[in-house]
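Q: Letter by letter, the sequence shown follows residues 1 to 225 in the numbering used here.
These are calculated hints, taken from the structure and not from any lab test. Incorrect hints may appear among the rest.
[Claimed, not checked] Straight-line Cα separation of at most 20 Å, DMTMM-like style, residue types lysine to aspartate or glutamate; simulated pairs:
no.	residue 1	residue 2
1	Lys152	Asp31
2	Lys51	Asp31
3	Lys51	Asp74
4	Lys51	Glu66
5	Lys152	Asp168
6	Lys51	Glu176
7	Lys51	Glu201
8	Lys152	Glu171
9	Lys51	Asp214
These numbers come from a predicted model, not from an experiment.
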Amino acid sequence: MPDSPASDLTHPAHISFRTRFTGVFALTFDDGPNPRVTPAILLRLRELGLKATFFVVGERITRFPEGLAMALADGHALGSHFYHHLDWRGATVAQLHAELDLCQHTVDDVLGYHYPLRQVRPPYGHISDNLITVLRERQENLVLWQAGCDEKNVPDLSVDALCGMLRDHPELAGWEGILLMHDIHPQTVNLLAALVRLALERNLLPATTRQLLDAITAAGPASAR
1 MPDSPASDLT HPAHISFRTR FTGVFALTFD DGPNPRVTPA ILLRLRELGL
51 KATFFVVGER ITRFPEGLAM ALADGHALGS HFYHHLDWRG ATVAQLHAEL
101 DLCQHTVDDV LGYHYPLRQV RPPYGHISDN LITVLRERQE NLVLWQAGCD
151 EKNVPDLSVD ALCGMLRDHP ELAGWEGILL MHDIHPQTVN LLAALVRLAL
201 ERNLLPATTR QLLDAITAAG PASAR
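Model the full assembly from the supplied sequences, consistent with the hints where possible.
A: Pasting the structure below:
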């Protein structure tokens, strides 16, 4: 699990690694958009009838700018994964503002209108006191995760075969809350379907990160612990 400093992450506007959800799951994708993988994931999500949040890397948007409009047209949400995929733990408040601004401006330029990136996920899940300060100043939400996948090491198997394999990994087969995946690996497409099948078998209800943030805010700070 990525490092987590002693920052106060019980603020209702944040979802930390310590946040716990029961009976629900939400899908998120980092590191895109990717011209090969993102469209395939969007198609699979359409087949599953599910919505997700895509945390985009600003400098990668120019490689596949159409990916933003495609995701939004299908009812998905966008979040900021910063402009540069770097470790920003040592950055100043000013540097963090500039980095988030650059990602925001890139998204707006591509879309042709202002799409506020209110949900923010730092690269590698690395956070700092300065980042928490910046997010509160910007009134933006930190969105981390409860379960994560390293898809590049997942074999290219069918959905059925992946389900069988995942049942032997309780950290994935039994996950709840926010799932981190990446729309840069081809293996993600079938792995996504397998993980969703296992979640539905356990009667988990699909949600979005926005819905989870709203629920935490409504419940108050104690719910984020």
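Q: Each hint needs a verdict: does it hold in this structure or not?
A: Hint-by-hint comparison with the structure:
1. Lys152 - Asp31: holds (13 Å)
2. Lys51 - Asp31: holds (18 Å)
3. Lys51 - Asp74: Roughly 8 Å separates the two Cα atoms, so the pair holds.
4. Lys51 - Glu66: holds (18 Å)
5. Lys152 - Asp168: With a Cα-Cα distance of about 19 Å, the restraint between Lys152 and Asp168 holds, given a limit of 20 Å.
6. Lys51 - Glu176: holds (16 Å)
7. Lys51 - Glu201: With Cα atoms ~18 Å apart, Lys51 and Glu201 stay inside 20 Å; holds.
8. Lys152 - Glu171: holds (17 Å)
9. Lys51 - Asp214: holds (16 Å)
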